[in-house]
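Participant: Knowing the structure of chain A, use the given hints to seat chain B on it.
Listed here are the chains, written in short residue letters.
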Amino acid sequence: NAGVTQTPKFRVLKTGQSMTLLCAQDMNHEYMYWYRQDPGMGLRLIHYSVGEGTTAKGKVPDGYNVSRLKKQNFLLGLESAAPSQTSVYFCASSYGEEKFYGYTFGSGTRLTVV
Amino acid sequence: AQSVAQPEDQVNVAEGNPLTVKCTYSVSGNPYLFWYVQYPNRGLQFLLKYITGDNLVKGSYGFEAEFNKSQTSFHLKKPSALVSDSALYFCAVKESSASKIIFGSGTRLSIRP
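Residue numbers (our numbering), protein chains in the order written: chain A, 904 to 1017; chain B, -8 to 104.
Do not rely on the hints blindly, as some may be mistaken.
Unchecked claim - Straight-line Cα separation of at most 30 Å, DSSO-like style, residue types lysine-lysine; simulated pairs:
| no. | chain 1 | residue 1 | chain 2 | residue 2 |
| --- | --- | --- | --- | --- |
| 1 | B | K13 | B | K68 |
| 2 | B | K91 | A | K973 |
| 3 | B | K68 | A | K973 |
| 4 | B | K68 | A | K960 |
| 5 | B | K13 | A | K974 |
| 6 | B | K13 | A | K1002 |
| 7 | A | K962 | B | K60 |
| 8 | B | K60 | A | K974 |
| 9 | B | K40 | A | K1002 |
| 10 | B | K91 | A | K962 |
| 11 | B | K60 | A | K973 |
| 12 | A | K912 | B | K40 |
| 13 | A | K974 | B | K91 |
| 14 | A | K960 | A | K912 |
| 15 | A | K962 | A | K1002 |
| 16 | B | K91 | A | K1002 |
| 17 | A | K962 | B | K40 |
| 18 | A | K974 | A | K962 |
| 19 | A | K1002 | A | K960 |
| 20 | A | K960 | A | K974 |
No lab work stands behind these hints: they were computed from the structure. Fair warning: this is a prediction, and the values are worked out from it, not measured in the lab.
Here chain B stands alone, though its shape is the one from the complex:
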């Protein structure tokens, strides 16, 4: 069965510093991996995805994520954090044969000025 874990409920970073939000997954076969962001009182917005190809995936708002098959991880990164990056971030996974995505519990990212 597919599953995804976000080990940190909250990540605090100073503006201008690099940030990492961690995600690990478990699937049978090849995974489809996603990051979504949710701003207060809003729906979820797509940030980036890995389905096939380069292990380093670039997405919206300067975010990127690295697919690491041996560690079954898909950590979200950004070289220089902005206060406006403060939001709730969800990692998600889908087995290639499945019809639905499984979401992690979310990590709240807080960027202090």
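Bound conformation, chain A alone:
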């Protein structure tokens, strides 16, 4: 009963490098989300998905891309990392509207861009 699993947990990138963060959930949730957490700014939504093959922009999507090829996985990509993308990234998942009761969160990925 893993819930939501994020990999990696920590990463240091050089400016301009690319990477992919993986989020996997085993609860058969329809919706999945990527947030970033920065001091004093709470959680800000980057991108989200309401089903396999669908993605949508959140509040801070610039510099990120996502894909949801399988229902259980939601990938967040950084094509050319910038220091402003240093943050803690959280993935979350939930049921759809009919059964919605809130999010289940992963444990986070701490990313540092130098």
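Facilitator: Using the frame of chain A, we list chain B on its own:
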């Protein structure tokens, strides 16, 4: 558009005293309201929610929250604080028709022995 505000960056309480962490919201229609807690270097954990029903909602670790529609508030409360309650608390809201939750900026709760 939905929004949520946590007016206090930090709340300090002595152990054994009651605590309140404030939250106000703005949505169109009926709100779904949540409280999450984050301990250091951890993800967010669900505490409680209001979707429908009784205005007083009880959650994990002895916490409760009261939905007040006229004041558009959803304050988190606990009758007797513990040092282990020290953490970062997030209030969150979702419009019933929306597919995503909006989070407040967080309130750091510090309980002194």
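Participant: Please go over all the hints and tell whether each is borne out by the structure.
Facilitator: Here's how the hints hold up against the structure:
{"no.": "1", "hint": "K13(B) <-> K68(B)", "in the structure": "holds, 9 Å"}
{"no.": "2", "hint": "K91(B) <-> K973(A)", "in the structure": "holds, 20 Å"}
{"no.": "3", "hint": "K68(B) <-> K973(A)", "in the structure": "violated, 40 Å"}
{"no.": "4", "hint": "K68(B) <-> K960(A)", "in the structure": "violated, 34 Å"}
{"no.": "5", "hint": "K13(B) <-> K974(A)", "in the structure": "violated, 36 Å"}
{"no.": "6", "hint": "K13(B) <-> K1002(A)", "in the structure": "holds, 28 Å"}
{"no.": "7", "hint": "K962(A) <-> K60(B)", "in the structure": "holds, 27 Å"}
{"no.": "8", "hint": "K60(B) <-> K974(A)", "in the structure": "violated, 36 Å"}
{"no.": "9", "hint": "K40(B) <-> K1002(A)", "in the structure": "holds, 14 Å"}
{"no.": "10", "hint": "K91(B) <-> K962(A)", "in the structure": "holds, 11 Å"}
{"no.": "11", "hint": "K60(B) <-> K973(A)", "in the structure": "violated, 40 Å"}
{"no.": "12", "hint": "K912(A) <-> K40(B)", "in the structure": "holds, 28 Å"}
{"no.": "13", "hint": "K974(A) <-> K91(B)", "in the structure": "holds, 17 Å"}
{"no.": "14", "hint": "K960(A) <-> K912(A)", "in the structure": "holds, 24 Å"}
{"no.": "15", "hint": "K962(A) <-> K1002(A)", "in the structure": "holds, 25 Å"}
{"no.": "16", "hint": "K91(B) <-> K1002(A)", "in the structure": "holds, 14 Å"}
{"no.": "17", "hint": "K962(A) <-> K40(B)", "in the structure": "holds, 24 Å"}
{"no.": "18", "hint": "K974(A) <-> K962(A)", "in the structure": "holds, 23 Å"}
{"no.": "19", "hint": "K1002(A) <-> K960(A)", "in the structure": "holds, 23 Å"}
{"no.": "20", "hint": "K960(A) <-> K974(A)", "in the structure": "holds, 18 Å"}
Consistency note: the structure conflicts with the earlier hints numbered 3, 4, 5, 8 and 11.
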